[in-house]
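Residue numbers (our numbering), protein chains in the order written: chain A, 171 to 321; chain B, 4 to 354; chain C, 9 to 375; chain D, 42 to 188.
Quick caveat, the hints were computed from the structure, so don't treat them as lab data. Ideal Cβ placement from N, Cα and C applies to all residues, glycine included. Be a bit skeptical, because a hint or two may be false.
[Said to hold, decoys possible] Covered stretches of chain B (in silico footprint by chain D; criterion: 3 or more residues with CB under 8 Å from a CB of chain D, positions within the stretch not fixed):
| # | stretch |
| --- | --- |
| 1 | 144-158 |
| 2 | 311-319 |
[Said to hold, decoys possible] Derived pair list, reagent style DSSO-like, types lysine-lysine, alpha-carbon separation capped at 27 Å:
| # | chain 1 | residue 1 | chain 2 | residue 2 |
| --- | --- | --- | --- | --- |
| 3 | A | Lys226 | A | Lys263 |
| 4 | D | Lys165 | C | Lys180 |
| 5 | C | Lys11 | A | Lys226 |
| 6 | B | Lys92 | B | Lys60 |
| 7 | D | Lys165 | C | Lys299 |
| 8 | C | Lys299 | C | Lys275 |
| 9 | A | Lys187 | A | Lys204 |
| 10 | A | Lys315 | C | Lys275 |
| 11 | C | Lys282 | C | Lys217 |
| 12 | A | Lys204 | C | Lys254 |
| 13 | C | Lys260 | A | Lys276 |
| 14 | C | Lys210 | D | Lys117 |
| 15 | A | Lys263 | A | Lys209 |
| 16 | A | Lys276 | C | Lys57 |
| 17 | B | Lys102 | C | Lys11 |
| 18 | A | Lys258 | C | Lys92 |
| 19 | A | Lys254 | A | Lys276 |
| 20 | D | Lys88 | D | Lys61 |
| 21 | C | Lys217 | A | Lys315 |
| 22 | D | Lys116 | D | Lys153 |
| 23 | C | Lys210 | C | Lys254 |
| 24 | C | Lys275 | C | Lys210 |
| 25 | A | Lys315 | C | Lys57 |
| 26 | A | Lys226 | C | Lys92 |
| 27 | C | Lys302 | A | Lys318 |
| 28 | D | Lys116 | D | Lys61 |
| 29 | D | Lys105 | C | Lys275 |
| 30 | D | Lys115 | C | Lys57 |
| 31 | C | Lys275 | C | Lys217 |
| 32 | D | Lys117 | D | Lys141 |
| 33 | D | Lys105 | D | Lys115 |
| 34 | D | Lys62 | B | Lys60 |
| 35 | C | Lys180 | D | Lys115 |
| 36 | C | Lys180 | C | Lys260 |
| 37 | C | Lys275 | A | Lys254 |
[Stated by the list, open to error] Computed far set for chain C versus chain B, every beta-carbon distance over 10 Å:
| # | residue |
| --- | --- |
| 38 | Gln13 |
| 39 | Glu39 |
| 40 | Glu98 |
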Amino acid sequence: MDKIINREALVGELNKKFGQCAEIFEDNTNQSIKVKPDKLVDIMLELRDNPNYDFKVLMNLNSVDYPENFTVVYHLNSLTHLHKLTVKVELDKADPQVPSITSVWKAANVQEREAYDLMGIVFTGHPNLKRILLVDEFVGHPLRKDFKLQA
Amino acid sequence: MEKSFFNTIADALRNWLMNGLGFSDTAAQLTATAIWTLVVILFILMNLIVLVWLERKFSAFFQQRRGPNRLGPAGFLQFPVDIVKVLGKEDIIPANADKTVFKIASTCLFITTILAWAVIPLGDGVILADLNIGLFYFLAIGSTATVSLMMGGFSSNNKYSLIGGMRTVAQMISYEIPMIFSLLGVVMMVGSLRLSDVVAAQQNMWFIVPQAIAFLVYFVATVAETNRGPFDLAEGEQELVAGYFTEYSGIRYAIWMIAEYGNLVAVSTIASIMFLGGWNAPFGLTFIPGFVWLLLKIYFMIFLFMWVKWTYPRIRIDHLMHFGWKFLIPVSLANILVTGIGIYVYRLIIG
Amino acid sequence: MLKTQELTLNLGPHHPSTHGVFRCVLNLEGEYIQKAVNHLGYLHRGIEKLAESRTYTQFIPYNGRLDYVAGMLNEWTYVHAVEKLMGITEEIPERAQYIRVILGELQRLASHAIYIASMALDVAGATAWFYGFRDRDEILDLLEMVSGQRLMPNYMRIGGVAADLPEGFIEKCQALIDEFPNRIAEQEGILIGNEIFQARVKNVGPISKEMALDYGLTGPNLRASGVDTDLRRDEPYGIYDRFDFKVPVGEKGDTFDRVLVRIEEMKESVKIVKKALRDIPEGPVMAKVPKVIKPPVGEVYSRIENAKGHLGFHIVSDGSTKPYRLRIYSPCFVNIGIFPEMAKGIHLMDAVVALASLDIVLGEIDR
Amino acid sequence: MYGQGLIKGLRITLKHFFEKKITQQYPEERPNLPERFKGSLTLNVPKCIACGLCSNACPNHVIKIESQKDENNKKKLTGYKVMLERCLFCGFCVEACPTKALEWTKEFELTKFYREDVNLDLFKGYVPSPDDDKPAKPENEDTAQAS
């Protein structure tokens, strides 16, 4: 099974360092934290570079269209400690904007473009935020729940 | 014996033209030459039919497949049928192509191939023009083939063709040199550029024995000269789709193929003549005519070409250049030096 | 006035060596690449959106359409994710676990055989290509025997596998697995040991350890760069903790290392299948799961070691019969992101080889 | 020594040159298909109880079932269509069938000249009248044959 990181300590240290930006997110996986979008890049850098966490790998970058908000989900993995962490950022339904973390992991580049393409989340500071899978003229973002499917 | 046989036919033809039809001497000579040219073209085409079939069969056998086997015995008639198909295809000329050059490029290559065949003997005395500079003529004509490949590459208005054409020029010019140098050793030993003299000098020993290195250099250089794998960079289908003939279709494409296979047969024939004793029969098996021996040797060479092509991956262009200039040319030059010393020592001993 | 200019070359989408409909715009200086830009999406089918209108069981066949040369592994990833979401990973019957390992490793062999084969074709070694596809075809025959299909098996089920192994499978599989080391040796003889091939692939497109982690490479590509990681060993799923196998790791991370790592991995896979065939117990192949799969509300991110890298499924369940959101982390999609970086400054011929060495499958990239 | 690999490669290809060839001569030599092969679909009509489970199991909704209630208030099949052009060949329908009426055949040459011909009409046209108490008989003998 996955190794569980001590989230209380992690959140405490993050909050101490960057000021009330992270909190524990309760779900069934027991490895999620929720952070505020404006401090995201700093937190990710800390998570990557601090040897206590050492999250060298961005496993997955996902975006979910919940009824109340858009959530961008970052799955992190550490090759040395073999523990995992899920970082969630909740975004406003009307104007989903989140800072890009391409400067932290280049792996985020294509995944953020995909999230922009299919979910319509704007990653500010992304070097090349264009549609990646769909054509440039495409209207709408298919993975949103309000996207009308045509047979 | 054989010489008389073919010469008798030629003489009979000339006599018949002059006496029977009342041609003048020059006219009879010209007509006989024209007929010979037709025979050569026919020979190339016949070879082509066999070669395309062989190439497909051999590649299939190397790959544990069966190859063509539907039309005719063992699929032998597949190629004639393909030719008919190709003739029926639309002749597509790309927009903005240099139309004139595009049209004549493939024919130019075919012409050089046929011209090269003028001095290649297919048996004792079976030759169109037994020039005293036969080998020189062959090499000189062979190097003009580069121009037509470049024409095809440049005129197609296609980036892949352009890169393919550029690669061809670089490659063929580089590999011309070791090819010529490798043949020089043989020429030095014979003391003549006439191909029939070269064959005559191999009565007792084939030149592959004293000139083994030259044979290897020649083999590698000709693989590059004929644009066959592992040196088929000009076509380079993995990155250049089909190289200089990407845009060709129908009969023009077929002419490229005919010329390429014609070149392949030509260089194989030269190899057989220069190194494998030409129409001399080995082990005293003289009851088989020399013409057949020569054909066997040619096809042995072609088998070698195909074997290599269907085993090796393609070499990279810079490695190709390094290999040509830094390895093959020094080796062939050293071979010339050793041959020269050898001849000098031999003369010193014999007196 | 003479002047020079950069040549813009469209590599693809219909090009022999882009392994599908991948398009790359190259800026060439001579034949050296100055800049490469990826263009994806020619095969986009919206499988993630499709999943939202299919039940959990009904989505299984679509996995074969992702990475169509390793369908069995994809299905395994998906059913493993759903099982994890439902919390029934421990209830899968022994026999089903062994069947999954056998078929998964066979599929990995098939996928790597294709990798070696297409690598050979991209350096114009057509004969080695045929040998690779011959080996792969024999594996596919086995998969067909089990599942009825060669590429899209639809054999894994949530809670086990669809049916027991057919009669005669064990013997046939044993025969093939005993023969397979010879096949690998043949590929090593005709391709890997060939000096021309080595000259073509050595020092081409090297990826350093840091760069590989930064760009999120996974699987054999990451291991070739010298990162010692394998999910089968580090986070054993299924019954992989019972198998003892080496994890081959490269040194330089160049194309040759990527090929070698896969060749070594094939040898290890053969060992795993051999042991699994020896140890496979009798018994049921399906756990007791409800007919209608209704996972509890929640989410799961589960990944397993696919042939191309870590294939991950992030499934968000709202307690209904259909996934609320299903995200496929596709290894090829992320791996291809490094190609523009790799291609910078190398020769056009090398770019084709470097692209092939990433082992991309467009069905998975574009989803 | 440099060149060893080259010679080894030549040896391997030469060995295969004289080996037995492995290509299947397809139209004459039929492939030996396994028992579970998923080719075309066949319906054993008398067994079918028109329950609709196959239609429900299908991810792409390619199966259309028409049925009528007979005098005993039992469902009777009046039409069974498979839009094979959208079929994934996943086999969920065959697995779902409670009476094993729907089965795979080993027929794999499914290409047709016209697109409409691809779709299967496994059962059609037979509308049982109230006074007809004989079991439903397939009209299209060759496609609906019980295997």
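Structure-based check of each hint:
1. 144-158: violated (count 0)
2. 311-319: This one holds; 4 residues, not fewer than the three required, reach chain D with a Cβ under 8 Å.
3. Lys226/A / Lys263/A: Not OK: Lys226/A and Lys263/A at ~31 Å, beyond 27 Å, violated.
4. Lys165/D / Lys180/C: Violated, at roughly 42 Å.
5. Lys11/C / Lys226/A: violated, 47 Å
6. Lys92/B / Lys60/B: Holds - the C-alpha atoms of Lys60/B and Lys92/B are around 25 Å apart, at most 27 Å.
7. Lys165/D / Lys299/C: violated, 31 Å
8. Lys299/C / Lys275/C: violated, 39 Å
9. Lys187/A / Lys204/A: holds, 16 Å
10. Lys315/A / Lys275/C: With Cα atoms ~46 Å apart, Lys315/A and Lys275/C exceed 27 Å; violated.
11. Lys282/C / Lys217/C: Since the Cα atoms of Lys282/C and Lys217/C sit roughly 33 Å apart, the hinted pair is violated (cutoff 27 Å).
12. Lys204/A / Lys254/C: Judged against 27 Å, a Cα distance of about 38 Å means the pair is violated.
13. Lys260/C / Lys276/A: holds, 20 Å
14. Lys210/C / Lys117/D: Violated, because 69 Å separates the two Cα atoms, which is more than 27 Å.
15. Lys263/A / Lys209/A: holds, 19 Å
16. Lys276/A / Lys57/C: holds, 26 Å
17. Lys102/B / Lys11/C: holds, 25 Å
18. Lys258/A / Lys92/C: holds, 20 Å
19. Lys254/A / Lys276/A: Judged against 27 Å, a Cα distance of about 19 Å means the pair holds.
20. Lys88/D / Lys61/D: Given pair Lys88/D, Lys61/D is violated - Cα atoms ~48 Å apart, limit 27 Å.
21. Lys217/C / Lys315/A: violated, 40 Å
22. Lys116/D / Lys153/D: Violated, because 33 Å separates the two Cα atoms, which is more than 27 Å.
23. Lys210/C / Lys254/C: holds, 24 Å
24. Lys275/C / Lys210/C: Holds, at about 22 Å.
25. Lys315/A / Lys57/C: It holds: about 9 Å lies between the C-alpha atoms, which stays within 27 Å.
26. Lys226/A / Lys92/C: holds, 25 Å
27. Lys302/C / Lys318/A: holds, 25 Å
28. Lys116/D / Lys61/D: violated, 58 Å
29. Lys105/D / Lys275/C: violated, 48 Å
30. Lys115/D / Lys57/C: violated, 39 Å
31. Lys275/C / Lys217/C: holds, 24 Å
32. Lys117/D / Lys141/D: Cα-Cα ~16 Å, so holds.
33. Lys105/D / Lys115/D: Holds. Lys105/D to Lys115/D sits at ~19 Å (cutoff 27 Å).
34. Lys62/D / Lys60/B: holds, 12 Å
35. Lys180/C / Lys115/D: It is violated: about 47 Å lies between the C-alpha atoms, which goes past 27 Å.
36. Lys180/C / Lys260/C: violated, 39 Å
37. Lys275/C / Lys254/A: violated, 31 Å
38. Gln13: holds, 12 Å
39. Glu39: Check fails; 6 Å does not lie beyond 10 Å.
40. Glu98: Check passes; 46 Å lies beyond 10 Å.
Hints 1, 3, 4, 5, 7, 8, 10, 11, 12, 14, 20, 21, 22, 28, 29, 30, 35, 36, 37 and 39 from the earlier list are contradicted by this structure; the remaining hints agree with it.
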